[in-house]
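Protein sequence lines, in the order shown, are assigned to chains C and R. Counting from 1, one number per residue, gives the positions in the first sequence under the working numbering. Counting from 1001, one number per residue, gives the positions in the second sequence under the working numbering.
You may find that some hints are simply not true.
To be verified - These stretches of chain R come out as covered by chain C in the derived footprint (C-beta under 8 Å, 3 or more residues):
1. 1158–1168
2. 1173–1183
What the hints assert, rightly or not - Just some of the chain C residues that point at chain R, by a computed CB distance under 10 Å:
3. Thr59
4. Tyr139
5. Pro140
Treat the hints as calculated values from the structure; they're not laboratory data. Remember, it's a predicted structure, so these values are computed and weren't measured experimentally. Beta carbons: idealized from backbone N, C-alpha and C, even for Gly.
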Amino acid sequence: MAQPRLEFRKVTRSFPGKGRGRGLVEPLVAVADVSLTVADGEVVSLIGPSGCGKSTLLTMAAGLDRPTKGEVFVDGESVEGPNRHVAFMLQKDLLLPWRTILENVELGLEIRGEPRQSRRAKAKEQLARCHLDKFYNHYPHQLSGGMRQRAALARTLAVDPDVILLDEPFSAVDAQTKMILQSDFGATFAATRKTALFITHDLAEAVALSDRVLVMSHRPGTIIRELTIDIPDRANPFARRQDPRMGRYVGELVELLHINERGDQAPNHGGNAHD
Amino acid sequence: MTSLLASLMRPGVFGSLLLAVAFAAAWEWLPGLAGIPPFIIPPLSDVLAESLRMLRIDALITHTGITLAEVAVGFLLGCLLGMVVGYGLGMSPTAEMMLSPYILALQIAPKVAFAPLFVMWFGYTVYPKILVAVLIVFFPVMVNVLGAMRTVDRDMVNLVRSFSAGRFQIFWKLEFPASMPALFSGLRIASTLAVIGVVVGEMVGGNTGLGYLLVFGEGQANTAMVFVTIILLTVIGILAYAAVIIAERSVLHYLPKRNLGPA
Chain C
1 MAQPRLEFRK VTRSFPGKGR GRGLVEPLVA VADVSLTVAD GEVVSLIGPS
51 GCGKSTLLTM AAGLDRPTKG EVFVDGESVE GPNRHVAFML QKDLLLPWRT
101 ILENVELGLE IRGEPRQSRR AKAKEQLARC HLDKFYNHYP HQLSGGMRQR
151 AALARTLAVD PDVILLDEPF SAVDAQTKMI LQSDFGATFA ATRKTALFIT
201 HDLAEAVALS DRVLVMSHRP GTIIRELTID IPDRANPFAR RQDPRMGRYV
251 GELVELLHIN ERGDQAPNHG GNAHD
Chain R
1001 MTSLLASLMR PGVFGSLLLA VAFAAAWEWL PGLAGIPPFI IPPLSDVLAE
1051 SLRMLRIDAL ITHTGITLAE VAVGFLLGCL LGMVVGYGLG MSPTAEMMLS
1101 PYILALQIAP KVAFAPLFVM WFGYTVYPKI LVAVLIVFFP VMVNVLGAMR
1151 TVDRDMVNLV RSFSAGRFQI FWKLEFPASM PALFSGLRIA STLAVIGVVV
1201 GEMVGGNTGL GYLLVFGEGQ ANTAMVFVTI ILLTVIGILA YAAVIIAERS
1251 VLHYLPKRNL GPA
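Let's have the full structure, built from the sequences with the hints guiding it.
Below, the structure is given as structure tokens:
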């Protein structure tokens, strides 16, 4: 097999215990001994209970945080800090309110010192792909939540990353917008052949959008199961949702996460601001 | 023209105008009816007459101009200093930790109490007045800027960092523009404080400016003169405040307009 685009090799991340100075407090182990690979052009979802360290994995892949133990590789290079290969996208669109949509999409290229002409052209190309070509000069507050999230995707794609990291990008929009965005994203990932690691709480979303789903355990988070989604047509999440195998996969994930046994902690119900 | 007329007829504006007329009338006639002598509350007409006398004899325009210039210079320098220190401390948490107790102490100290000291240092010149204004303007600007720097969304910082931004780029692309709303609310407060600083400086020493006229009028028991001076000081304050508002409108144009009802 070719070299994986993204690889976690025995990654552990712990944070110093709270209450320093008042005796020894055990450090908080967010993720323990996680190994995973994402191949070129593959979309892999990461699901797990709240607080299992999914987002911690993502910040390490983005180079914003370093593992306590182990290493993260992107394109075979050890991740030492933010780099050109990776871009991330969160639940919040993080559009800068004082910039127009076009200027927001240009942000990454601008920071990287790309000349004005070419960064403007690239930004327009991505906005057109995301069906926002009529909104170049609008400000973020003038757009709906779904449009803003598409603008955030355009900004992510504009820097042409090899790997896209997504942390629950659809969890702040309403159910219908969510389905439309999922279908947009599915088509875009297929068309651009981007590699993506995708965190979500929504089991159906994970199955509909991914080639593989990785299931994480409670803290300290580690990968307990890998599920290969054997349904064709990843580019079209709508079609996938119609497939009879869809329900089986979701059922399997429900079993794995013991959702049916713990009514109190259904993972798609909630604030996971802490993980 | 019709739109002007229409805006004048809006209930709020119309009420405001009506109130102004009622206030002027009350000022003119109520004190006399209530038996309050003119040296306590001179009627409006006396104050207007006094202002014309001051224009002719007391070089009112010169004094007003001097005060206005001191306010402008003190305000600009104080804001600049507040911004430099605010952004500087925002960039360096270590410096902030080191300096914060002293800044707090200086912030609590009543700034106008420094006026006599500055007069002793710099004599009867414009400098002590400007310096008091600088000192009093500095804090609201610095505190607001520093607060805004501290509360920039961490995820936004991470986003900019993920594009491999350096420290200065994070400041210039994110923190500085993100601090604009807070900066402007600091500037609004500062614009009115600048007038206070200058007037106190003028009252303490020297023979120029509206603060001097204020003390002079008091010494002459010329109540109308004091009233004229207070009104002019208010006008200067309004000018300073309006300048901030105009700048704010053009800088913060991207913020959603507050719903002010039918225009």
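Against the structure, the hints:
1. A stretch counts as covered by a chain when three or more of its residues have a beta carbon under 8 Å from one of that chain; for the stretch 1158–1168 of chain R and chain C the count is 8, and the coverage holds.
2. Residue count for the stretch 1173–1183 of chain R with a Cβ under 8 Å from a Cβ of chain C: 5. That meets the three needed, and the coverage hint holds.
3. A distance limit of 10 Å between C-beta atoms decides the matter here; for C/Thr59 the minimum to chain R is near 7 Å, and the interface restraint holds.
4. At a threshold of 10 Å, the smallest CB-CB gap from C/Tyr139 to chain R is about 5 Å, leaving the interface hint in force.
5. About 9 Å separates the beta-carbon of C/Pro140 from the nearest beta-carbon of chain R, less than 10 Å, and the hint is met.
When held up to the earlier numbered hints, the structure conflicts with none and fits them all.
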